[in-house]
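Protein chains: 2
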Amino acid sequence: MEKINFMKNGVLRLPPGFRFHPTDEELVVQYLKRKIFACPLPASIIPEVDVCKSDPWDLPGDVAQERYFFSTREAKYPNGNRSNRATGSGYWKATGLDKQIATSRGNQIVGMKKTLVFYRGKPPHGSRTDWIMHEYRLVTAANAPQKKNFAQVKLYFHSHSNCWDSQFIRHCLAINYQLFYS
Amino acid sequence: MEKINFMKNGVLRLPPGFRFHPTDEELVVQYLKRKIFACPLPASIIPEVDVCKSDPWDLPGDVAQERYFFSTREAKYPNGNRSNRATGSGYWKATGLDKQIATSRGNQIVGMKKTLVFYRGKPPHGSRTDWIMHEYRLVTAANAPQKKNFAQVKLYFHSHSNCWDSQFIRHCLAINYQLFYS
Numbered sequence: 001m002e003k004i005n006f007m008k009n010g011v012l013r014l015p016p017g018f019r020f021h022p023t024d025e026e027l028v029v030q031y032l033k034r035k036i037f038a039c040p041l042p043a044s045i046i047p048e049v050d051v052c053k054s055d056p057w058d059l060p061g062d063v064a065q066e067r068y069f070f071s072t073r074e075a076k077y078p079n080g081n082r083s084n085r086a087t088g089s090g091y092w093k094a095t096g097l098d099k100q101i102a103t104s105r106g107n108q109i110v111g112m113k114k115t116l117v118f119y120r121g122k123p124p125h126g127s128r129t130d131w132i133m134h135e136y137r138l139v140t141a142a143n144a145p146q147k148k149n150f151a152q153v154k155l156y157f158h159s160h161s162n163c164w165d166s167q168f169i170r171h172c173l174a175i176n177y178q179l180f181y182s
Numbered sequence: 001m002e003k004i005n006f007m008k009n010g011v012l013r014l015p016p017g018f019r020f021h022p023t024d025e026e027l028v029v030q031y032l033k034r035k036i037f038a039c040p041l042p043a044s045i046i047p048e049v050d051v052c053k054s055d056p057w058d059l060p061g062d063v064a065q066e067r068y069f070f071s072t073r074e075a076k077y078p079n080g081n082r083s084n085r086a087t088g089s090g091y092w093k094a095t096g097l098d099k100q101i102a103t104s105r106g107n108q109i110v111g112m113k114k115t116l117v118f119y120r121g122k123p124p125h126g127s128r129t130d131w132i133m134h135e136y137r138l139v140t141a142a143n144a145p146q147k148k149n150f151a152q153v154k155l156y157f158h159s160h161s162n163c164w165d166s167q168f169i170r171h172c173l174a175i176n177y178q179l180f181y182s
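Residue numbers (this note's numbering), protein chains in the order written: chain A, 1 to 182; chain B, 1 to 182.
Honestly, the hints are just simulated from the structure, not real lab data. Being a predicted model, the structure only gives us computed values, none of them experimental. Idealized CB from N, CA, C, for every residue including glycine.
For each label pair, taking beta carbons as the anchor points, the in silico distance ranges come out as:
#1 Arg128(A) / Ala94(B): 30 to 38 Å
#2 Lys122(A) / Trp57(B): 46 to 54 Å
#3 Gly61(A) / Ala43(B): 21 to 29 Å
#4 Asp55(B) / Pro60(A): 43 to 51 Å
#5 Ala43(A) / Asp62(B): 21 to 29 Å
Using the sequences provided together with the hints, build the complete structure.
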């Protein structure tokens with residue numbers, strides 16, 4: 001059995017072309033769910049950052065790479081479930097319909113994904129930018145314990161490249177993960 | 001220094017979410033160029049397969065995953081440079097304009113990418129499918145040694161998902177790499 005040392009000085013180093021590029025299912029099942037239940041994660045690749053404490057371009061990491069975070073959420077109102085999505089320069093606004101995340105092997109729904117767009121300025125008159133955020137939440141059984149104010153999101157910069165060019169998704173991709181129970 | 005064994009029984013095993021998902025630049029510079037010049041590759045991840053000897057759905061590997069190949073090319077005519085792109089069930093047809101592949105650090109052009117679509121039947125009356133192939137070639141200095149009939153292509157199945165959903169690129173993605181000098 002050949003062993004390849006992918007770690008050097010505590011930092012994960014992969015050969016060119018290899019990267020952390022998970023599917024939605026992997027994110028929800030392998031990382032988000034384990035994070036919620038305080039289980040060990042497959043890899044320590046996702047740091048904890050409050051995504052709304054910074055503007056998307058100021059989030060830690062390389063804006064030219066995909067960035068992934070676990071982030072806690074702050075309620076907009078003390079007794080409500082709406083999230084406070086304002087940042088220093090603008091705000092995140094939901095768009096479109098939530099999408100179900102199903103397992104690849106069957107039709108089990110494991111999570112939901114919401115898409116948000118970043119606007120500069122103050123609502124409702126902000127100016128739309130190309131920063132996109134995906135917010136993931138886990139779908140659990142009806143009698144599962146409920147937790148509040150902890151959600152999962154993914155951010156990236158949506159360039160106007162040809163959809164067939166996978167590079168547009170990786171360019172300036174900022175991922176922030178929080179956990180949210182509906 | 002912590003060592004993580006990513007190899008088991010000779011097979012590369014990565015944690016969930018990690019995969020071979022190279023940029024166009026990485027493909028051309030780290031793999032294609034090294035293959036051309038018979039230099040060691042960063043990882044033995046790309047097998048040699050003649051992409052036109054099989055229909056895209058019959059290529060080796062998992063159709064639900066990205067697949068990468070190095071493949072030799074057969075000239076359509078003995079003295080010409082046009083490639084014979086016919087397979088058992090159809091043919092590959094070029095579409096759109098070739099795209100330049102530039103380095104991320106500067107504006108150096110390192111390669112070109114051509115997009116082709118797979119048609120069932122015989123040209124020019126074949127029926128279009130959703131199988132897409134990207135053909136990569138290396139851009140070299142004018143006085144660099146020329147080689148013939150060795151090209152690089154990438155195949156994938158283009159589903160009609162939302163462009164923001166990176167899964168559509170990975171789903172049924174079949175990659176075939178050949179090297180071509182123009």
